[in-house]
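Participant: Chains as they are written, first to last, in this note's numbering: chain A, 1 to 174; chain B, 1001 to 1174; chain C, 2001 to 2296; chain D, 3001 to 3296; chain E, 4001 to 4100; chain F, 5001 to 5100; chain G, 6001 to 6394; chain H, 7001 to 7394.
It is worth saying that the hints were derived from the structure and are not from the lab. Don't take each hint at face value.
[Stated by the list, open to error] Some chain E residues close to chain B (C-beta under 8 Å, calculated; not the full set):
1. 4027
2. 4041
3. 4051
4. 4052
5. 4054
6. 4084
7. 4096
Ideal placement from N, C-alpha and C gives every residue a C-beta, glycine not left out.
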Amino acid sequence: MIASELLAQAAFIEGKHPQSFPFFGVERRGAPVTAFTRIADAPIPVRTSITEPDIVVVLDASLMRTIRVTAGLKKHGVLLVNSDHPVVGIDKRFEGRTATVDATGIALTQGLGTKSMPIVNTAILGALARVTGIVSLDAVVEAIVKFVPAKIEANAEAAKVAYREVQELQAVIH
Amino acid sequence: MIASELLAQAAFIEGKHPQSFPFFGVERRGAPVTAFTRIADAPIPVRTSITEPDIVVVLDASLMRTIRVTAGLKKHGVLLVNSDHPVVGIDKRFEGRTATVDATGIALTQGLGTKSMPIVNTAILGALARVTGIVSLDAVVEAIVKFVPAKIEANAEAAKVAYREVQELQAVIH
Amino acid sequence: MARLTIPAEEYMRSGHSACPGCAATLVMRYVLKGLGPNAIVTLPACCWTVIGTPFPTTALNVPILDCAFEATGASVSGLRAAADALGLADVIVVGFAGDGGTADIGLQALSGMLERGTDALYVMYDNEAYMNTGVQRSGATPLGAWTTTTPVDATSRGKGEGKKDVMAIVAAHRPAYAATVNVAFPEDFLKRVEKTKTIRGPKFLHAFSPCPPGWRYPPEKTIAIGRLATDTNSFPLYEIEGGKYRITRKLGRARPVAEYLKAQGRFSHLTDAEIAAIQSEVDGRWARLLALETLG
Amino acid sequence: MARLTIPAEEYMRSGHSACPGCAATLVMRYVLKGLGPNAIVTLPACCWTVIGTPFPTTALNVPILDCAFEATGASVSGLRAAADALGLADVIVVGFAGDGGTADIGLQALSGMLERGTDALYVMYDNEAYMNTGVQRSGATPLGAWTTTTPVDATSRGKGEGKKDVMAIVAAHRPAYAATVNVAFPEDFLKRVEKTKTIRGPKFLHAFSPCPPGWRYPPEKTIAIGRLATDTNSFPLYEIEGGKYRITRKLGRARPVAEYLKAQGRFSHLTDAEIAAIQSEVDGRWARLLALETLG
Amino acid sequence: MSPHGHDAHKATAYITEQDLPERPLATVPSDVIKTASWRTFLPVIHLEACTKCYVCWKFCPDVAIGIDEAGWPVVRLDYCKGCGICAEECKPRAIDMVKE
Amino acid sequence: MSPHGHDAHKATAYITEQDLPERPLATVPSDVIKTASWRTFLPVIHLEACTKCYVCWKFCPDVAIGIDEAGWPVVRLDYCKGCGICAEECKPRAIDMVKE
Amino acid sequence: MPRMVLSGNYAQSYAAKLARVHVIAAYPITPQTAIVEKLGEFVASGELSAQFIKVESEHSALQACISAAALGARTYTATSSQGLLLMHELLHWASGARAPVVMGVVNRAVAPPWSIFTDHTDTVAQRDTGWIQFYAESNQEVLDTTLMAFRLAEHPDVLLPAMVTEDAFYLSHTVEPVDVPTQDEVDEFLPRRDVRGLIRPGAGVRLGSFTMPDLYEEFRHKIARAMERSAEVFFEIEDDYHRLTGRHHGGPLPTYRVDDADAVLMTMGTATTTARSVVDALRTRGNRVGLAKLRAFRPFPVKEVRQLAATVDRIGVLDRSFTFGAAGAAFTEVAAALYPETHRPALKNFVAGLGGRDLTPKVLEGMFKALLKGDGPEVDWPDLKRRAEVVRHG
Amino acid sequence: MPRMVLSGNYAQSYAAKLARVHVIAAYPITPQTAIVEKLGEFVASGELSAQFIKVESEHSALQACISAAALGARTYTATSSQGLLLMHELLHWASGARAPVVMGVVNRAVAPPWSIFTDHTDTVAQRDTGWIQFYAESNQEVLDTTLMAFRLAEHPDVLLPAMVTEDAFYLSHTVEPVDVPTQDEVDEFLPRRDVRGLIRPGAGVRLGSFTMPDLYEEFRHKIARAMERSAEVFFEIEDDYHRLTGRHHGGPLPTYRVDDADAVLMTMGTATTTARSVVDALRTRGNRVGLAKLRAFRPFPVKEVRQLAATVDRIGVLDRSFTFGAAGAAFTEVAAALYPETHRPALKNFVAGLGGRDLTPKVLEGMFKALLKGDGPEVDWPDLKRRAEVVRHG
Ligand SMILES: Cc1ncc(C[n+]2csc(CCOP(=O)(O)OP(=O)(O)O)c2C)c(N)n1
Ligand SMILES: Cc1ncc(C[n+]2csc(CCOP(=O)(O)OP(=O)(O)O)c2C)c(N)n1
Ligand code: SF4
Ligand code: SF4
Ligand code: SF4
Ligand code: SF4
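Same shape as in the complex, but just chain A (with noise of 0.2 Å):
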């Protein structure tokens, strides 16, 4: 299940319409991705893509090297990065907050995927519970619990630590 359907059951569980979907490309496993999720405490009321986002999460930060992640994100939006640096200078015109956090580290030590295939899913959603405050992490866990397959501890556990540990750049640095 991708981050973005557990972070549509998180919202729900605490009451909110989720609307959650990827953008398929043909996808082939290690191609980047994108999935969309809109929030509201009322039904949706559009089904298209979602051009001009509030949040961005990027889940592989070597994906920044080729692809400017904030194109379209809100000016005082949130960008949150899968990574164990903190990641600057991606978009002079980007104002908003950024965080990171080590979703790969935290899914490796909890034995979440391989080496070359970690599954960072839950433990973003951890961190972007924390940074945002969209969801709450009781809501994730919830989530985590209902609607993962495996190792549900495990993923627990990793949201939990994620949440912890995420770090915000505490200044826009340009």
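Chain A is already provided as a structure; the job is to place chains B, C, D, E, F, G and H with the ligands on it using the hints.
Facilitator: This is chains B, C, D, E, F, G and H with the ligands only, laid out in the frame that chain A set:
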């Protein structure tokens, strides 16, 4: 090539506009079939089955045991039957002319088909030419020469013999 | 009643529309005699679509479900699944198709049925061409045979390719049971059919089905030609059970294939050399069959 | 340049969209290396439709003609006929399809191509499931393998049916040539491909094509697993020419099939008893192959 | 005017849309159709030669040989199409095909 | 916002209907698409251990091993997806996979 | 009635499960795959007692369903795009045989060129096959309509196959909250199938005979009448469903803010949701616009379209497909339906959103504006990427 | 130009032969069989130098043609009914790949129940597939139109597949005199195919790639424009053909005695011939009636229909097929075409002649009379066999 199509070719040779088509059940060998031919001096202005023919030709007299072949036949039309004996008492309402020809006998004499499956098409056409004059014997023979794939001589001869031997019932016997 | 060598019950009715002398009717008659009243027949486009007589009449005492020409195997699986889901366990599902509907356009659906292991009987009556549409070549038309699409002509000597070996294709799927049957040998035919009732899984019968107009021979010769086919090893009778081949009718010495070929108009153009080539092909296939039998 | 054991020319380009470690790319790469620049590839729906990269890019240096999923064999015959009619005799027509597109939905078109004797090469790259749609069972999925439609579960132990024997089905059509090839043995692979260039008529290659995400193993193991498949007799290498079988890679002693199975997540649920059953199935098939080789 | 077997249903009660079942479901036994009209030659069984082997019964494609109470084969005249198989296969040659 | 390989054509001149060929005929070589972004680990070849056997070249699914003028294998960084086959198959273990 | 976060695909699977289908036969195709995988799981885990036929093609899938239905089974299949096209012969077959098969379709573009994204060509091109067609806007509607489709298809006055479609990815892969009825509720709404008159073991009957010209036309007319009746029956069914679940999706042509509207846009599928918010936005800005959702495309809601047109002066019809050599299919049928009316609104056809092109609020707003202005061509492709220059031919 | 007595089927075969097709791939089906058998004979006898592919299904037949066409071959196939339906996926494919395949179709009813007789459902149901469609009235028209279809399909401004249809038995098996052009004449009219831009040995190109949402719609629009252009190109081609052979069949919508007509019947295929004689008969009796033949159904002749309607007050459209849940397809499209017109004739739809039901002068006369009277339902099945009693449902 079935008799109706050969008739069309003969009529065409004489400068007429024929239109000929089978009523096609999903024919199985041996099952009775029907075909229609229209012949005119100008293109035929209808494309429907013929329900009120001027001429009815019966290639297998045994059908007359179960089927009223004169159904629809115009009151003063012509009925031509392949039979080795005069056919009588067919239909009291029918007031037209009736003729018979032993096309089976002629075909077998000419070596056309087998005893259980004689090929009577060409013989019957010869008789038809004589009884109705709708096409000439010459045209029938020419059509045979041009379009019959095998035993051309024998087929032509069958037409000629039938032309000679066809019997018209002199009086309509009720 | 008197001593009959095959069951007396008739599930095929008179009044059907087959050509005089048609063997496809006997295939149906024997199959149903063997299976009894629990059969449900699914029928794609083929001569039998017409033989079965037009609406509102029907020539069988068991149900017929018409299906698309190319979909017999799928129809069979659908019926089986429905019977199982509805608790109609006794139903015997029968797919009954011609060689064109089996070897060509319906091969995939048959393959699917075999692969997924549907418990049912598939009967291919093999008149070696598309007869319903007026004698066009099928994959199962034998080498050298005339059809309207394999004309005999300056550049063409009847069919240029060999007969598709449907039994070998079926065997490659490792079905529960497969056998060749021939209407000229009704008792043997019935034995095979009855055997299918005792075996679970996909079963296949390849039924030889001479066709007077399509093969160009007089209708009374249907049985004689059927006999010749087997007696010349042109159509050997064998079964395959759990992968094991067994020849069910072994001849002392096969008669020359020329006898079989010469009885039919569709082969009348063949030269002696061509006949000899066919003979050696038949011999080769027979030798292979014997070898397969020993293979086990 | 240095001493290479297979041709240096590349007809497959970088930049393609295959998963890391995908063997289907190597199958294409080797096939085209063997055939050279006169190949025209017709491609049904399969992973390669995507691997080949989206419009306006293309990953081959030779033409690709996309065709309907189920119609590769027909597309091949169409291209061959056109090439012949237009005097493009040098063209080598290649149908390149997955196992689903060959053994299931495309079987009929393949059978047609074989039966009518089209002079062309058909390559089935066998990743043993529908991978493009995300790992569903195909006829060619082996017994016991997990796929999304053969779940491992209380009532279900992966695929319940055996692997469809496409080579046997092809062989039943008596093609001009058929062979199994394996990307783990590139030199042998190239030999087979090059041989197809010397033979007229329908040719078939069954190419083993491990798939990391579908088979659940790390991408670097693709070649190792390919090797194991052949070294355990799970995927023996052999050819069939004019009906004669020849094993092209004979082992002293095969390794236990468990080694092959245990390297893959899709088999990780198998019990020892289940593995033993698979072993005996593999042994049986190998014995039969040896017997077929002696048959001639 | 279309005098063949396929018109047999005209003998039935299916004439208007309202007569038809909602689905195209045929239910009338085909033996309402008499196929005698297909016949040119008729099999005549000479019982004195008949051995009651029932080969004729077995091989008749039209189920047009019946067996009477005494065990004799009888031709069901309504249905025999005259293919001649019975006569051909009858070993003791007890059947003749005669032109009607 | 859809940052994967399938957007590579955005780098090409195909933008409006008028740029397109009448038929859906693709003509741009796929190597305009750089698949480096798929990679997590990078193969590093230690030439001192390399025997020039070219196993790495043979088995690379992405044609991402080139051979330089001196006959040494080189990783084409733009295309290598980091599958690790080269490292796995290199007998003398001349290739390491290193996290980028 | 539990509420779950489900994708459109899972909404299909849950509906089929709740309908207690007897037989499922389906073949994978993106983006339908999850429907079938989920059903496979239900069967494998024993949650659903059904026969799952693993077919080798969509053609076989539908034949298997038709044959199973002939024996009395409740059957379900699902497909998309090429798979649906491959079924075409059997789509005709299902209606001719009066087999009440229910099918989920994920609307996806047709090849070539290949595309797996939303486009209505696949189902629109089946408009002549005698299937009832519903287009869904949300996953809730997918689930509810599928359940209604079973009851409608099997209704003795109908006996026709029915499909429920959902836009690729916009529904198929989008998760959102869905109220899922309980098994008891569904059992009440949708009792076991009534199979009187079908083929029965032991009976000398035949379904599908060769039929002569004297009766074939009459069988066609029976289908025509059954299709007409289905429109009426659907109202009853929707009311029943409403009573049971409290949900009503508004019949074949639900409307939104049309009462005083100067211009109404007619949409199918997910474009409706976004269009609705555009209506609200435009209304806030003083534009009197409204929306009509073509939920049932077959039978075509002629009466409802006429009713709507009676009070509106401009109607735009948005087709997410295009019939070459004609116009968008919905547009054509709307125009034909309104032909004999005395009040005839100006009609415009918008062709957009093909092959997965996003139908953004902006594009939809443009349509409303063009409607209000009344300019532009009769058939417009408003979102095409074009250059100003002269078109090169050839 | 020799005159021969030919069936409609042979008219197809002669046209394909005269077109010097490179590749033929076809599968037998009644009543198309003779087309292919005859072509087979031409090839076997050496009269035609072409590759004849003996396929195992119609699906494969069309794929073989599409692939052959991609390499530059002129290709021909022929089918009917179920065969055409089975091709459906590939019908879409041919237009998407812009393959100028020419196909002869014998219009036959679709199963179940089985019927081999005339009915237009098979081709009408392909109206959304992007094929050019011509319906022929006579064997002469079959031959002439097929030759024109080759040139039209291959025209660089068009590049679309085209089908020429003929009614089962009424043309397919009916022999009548036909003027057959000489090979020289045809060679002049129809030069070898221009194959620039197609796939070529040695080139790294690909036809049919996966395409993302940013460009798919644009390819569809290209097809739409090509289809539009084909209407114009056809006029040129027909003029050329006329210059060469002296024959002109009157464009996409030839009319007969419509100038002062109070009522006009629109027909497709062979019903036209009989209807024409009915027009004459009624005219003799003082009824001002006329006839329009819908010769081209795709592209639909919107302009010509509008022109016709400008001067006529009542139009009847005869459909030899019926779209369940809507109306006859031709009727629907005529109504849609006339929707925006100011002068709007009363329209009536006659559905008749299905499954081989004879369209007799009497039935056709009834239609004219109903038109003139202006009574009866909007959509009428005038020749249905019904009882007076109340209809039983279910
Ligand atoms: C899709 C499709 N294509 C073609 C046909 C026409 N058709 C009906 S029966 C038949 C031939 C059947 O041949 P075979 O299966 O050998 O049976 P036979 O007629 O010889 O008994 C054909 C081609 C059809 N009904 N459907
Ligand atoms: C008629 C049709 N049905 C289904 C599909 C969807 N589909 C595309 S590729 C594919 C699986 C292909 O499997 P396989 O041939 O084994 O090749 P692989 O993807 O494994 O390489 C499927 C089911 C399709 N394109 N067309
Ligand atoms: S054509 Fe042949 S198979 Fe068909 S009914 Fe006649 S004899 Fe039988
Ligand atoms: S899914 Fe498997 S076969 Fe397909 S591209 Fe990926 S590795 Fe290759
Ligand atoms: S496999 Fe290793 S030793 Fe061989 S060429 Fe490559 S790096 Fe060198
Ligand atoms: S890691 Fe894989 S893709 Fe990269 S060079 Fe090695 S084999 Fe090629």
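Participant: Identify whether the interface hint at residue 4096 of chain E stands, where standing means a beta carbon of chain B within less than 8 Å of its own.
Facilitator: At about 14 Å, which exceeds the 8 Å cut-off, the nearest Cβ of chain B leaves the hint on residue 4096 of chain E violated.
Participant: Taking 8 Å as the limit, does the beta-carbon of residue 4054 of chain E come near enough to a beta-carbon in chain B?
Facilitator: For residue 4054 of chain E, the interface hint is violated, since the closest Cβ of chain B sits about 24 Å away, which is over 8 Å.
Participant: Answer holds if the nearest beta-carbon of chain B is closer than 8 Å to that of residue 4084 of chain E; otherwise answer violated.
Facilitator: Holds, about 7 Å.
Participant: Just to be careful: measuring from the Cβ of residue 4027 of chain E to every Cβ in chain B, is the smallest value less than 8 Å?
Facilitator: Hint violated; residue 4027 of chain E Cβ to chain B Cβ min 21 Å, cut 8 Å.
Participant: Does the CB of residue 4052 of chain E sit less than 8 Å away from some CB of chain B?
Facilitator: Since chain B brings no Cβ nearer than about 27 Å to residue 4052 of chain E, farther than 8 Å, the hint is violated.
Participant: Can we keep the residue 4041 of chain E interface hint, with Cβ of chain B closer than 8 Å?
Facilitator: holds (6 Å)
Participant: Can residue 4051 of chain E be said to touch chain B, with a Cβ gap under 8 Å?
Facilitator: At 26 Å from the nearest chain B Cβ, residue 4051 of chain E fails the 8 Å test, so the hint is violated.
In summary, the structure is inconsistent with hints 1, 3, 4, 5 and 7 from the numbered list given earlier, while agreeing with the others.
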